[in-house]
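J.: Following the numbering used here, the numbering of the sequence shown begins with 4 at its first residue and continues without gaps.
Calculated directly from the structure, the hints in this document are not laboratory data. Possibly wrong hints are sitting among the right ones.
Listed below are the simulated DSS-like cross-link pairs for lysine-lysine, each with C-alpha atoms no more than 30 Å apart in a straight line [said to hold, decoys possible]:
| no. | residue 1 | residue 2 |
| --- | --- | --- |
| 1 | Lys36 | Lys70 |
| 2 | Lys55 | Lys70 |
| 3 | Lys36 | Lys65 |
| 4 | Lys79 | Lys65 |
| 5 | Lys68 | Lys36 |
| 6 | Lys79 | Lys34 |
| 7 | Lys55 | Lys65 |
| 8 | Lys110 | Lys70 |
| 9 | Lys70 | Lys40 |
| 10 | Lys110 | Lys85 |
| 11 | Lys85 | Lys34 |
| 12 | Lys110 | Lys68 |
| 13 | Lys58 | Lys40 |
| 14 | Lys85 | Lys68 |
| 15 | Lys110 | Lys79 |
| 16 | Lys55 | Lys40 |
| 17 | Lys79 | Lys106 |
Now the in silico label distances, taken between C-beta atoms and shown as ranges [what the hints assert, rightly or not]:
| no. | residue 1 | residue 2 | range |
| --- | --- | --- | --- |
| 18 | Asn94 | Asp69 | 17 to 27 Å |
| 19 | Lys58 | Lys36 | 26 to 36 Å |
| 20 | Lys36 | Ser60 | 27 to 37 Å |
| 21 | Ala24 | Asp83 | 16 to 26 Å |
| 22 | Ile29 | Ser60 | 14 to 24 Å |
Remember, predicted model here, so these are calculated numbers, not experimental data. The beta-carbon is built from N, C-alpha and C at its ideal position, and this holds for glycine as well.
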Amino acid sequence: MRNGLIALMLMLTVPAAAGAAPIGDIRLDSKVKSMRKAGVGPVVYPHALHDKLYKCSECHPKIFKDKRGANNMSMKMNMDGKFCGSPNCHNSQRAFPLYDCIKCHTKVGAK
C-alpha cells in the first residue's frame, strides 16, 4: 500500500516538475541608452508565442542561454546573424525581418 501511494505521488508530481514553468513576455531593456539614441524603446519578447511555435531545443542553448541576463544581445549582433538574426529566425523567410523595428521594439517612453 505504501509503495502504491509513493508511486502515485511520483506520477502526479514528476510530470509537473519535468516541464519548465511557462514564461510570459520578457522585457529586454539592458541597452536602454543606445535604444533611445536609435529612437526606439525596449523590446518586449513574446516567449509564450515562440514556445507554441517552436521546440525549446531549437533556441536553447545553441542560440540563447536560458538564464536571465546571460545573453548580451545588441542590434548589431542580431544583424550579424546572431540571436534573433540567426539564419533560422527573423530572416524574412521564417519570420518577419529584423529591420521591421516596431514589431519588436516598443515606442520610446512606453512602459
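J.: If a hint holds in the structure, say so; if it does not, say that too.
T.: Hints, one by one, checked against the model:
no., hint, verdict
1, Lys36 / Lys70, "23 Å, holds"
2, Lys55 / Lys70, "20 Å, holds"
3, Lys36 / Lys65, "28 Å, holds"
4, Lys79 / Lys65, "19 Å, holds"
5, Lys68 / Lys36, "24 Å, holds"
6, Lys79 / Lys34, "12 Å, holds"
7, Lys55 / Lys65, "19 Å, holds"
8, Lys110 / Lys70, "26 Å, holds"
9, Lys70 / Lys40, "27 Å, holds"
10, Lys110 / Lys85, "24 Å, holds"
11, Lys85 / Lys34, "17 Å, holds"
12, Lys110 / Lys68, "27 Å, holds"
13, Lys58 / Lys40, "35 Å, violated"
14, Lys85 / Lys68, "12 Å, holds"
15, Lys110 / Lys79, "20 Å, holds"
16, Lys55 / Lys40, "34 Å, violated"
17, Lys79 / Lys106, "17 Å, holds"
18, Asn94 / Asp69: 17 to 27 Å, "22 Å, holds"
19, Lys58 / Lys36: 26 to 36 Å, "35 Å, holds"
20, Lys36 / Ser60: 27 to 37 Å, "34 Å, holds"
21, Ala24 / Asp83: 16 to 26 Å, "32 Å, violated"
22, Ile29 / Ser60: 14 to 24 Å, "18 Å, holds"
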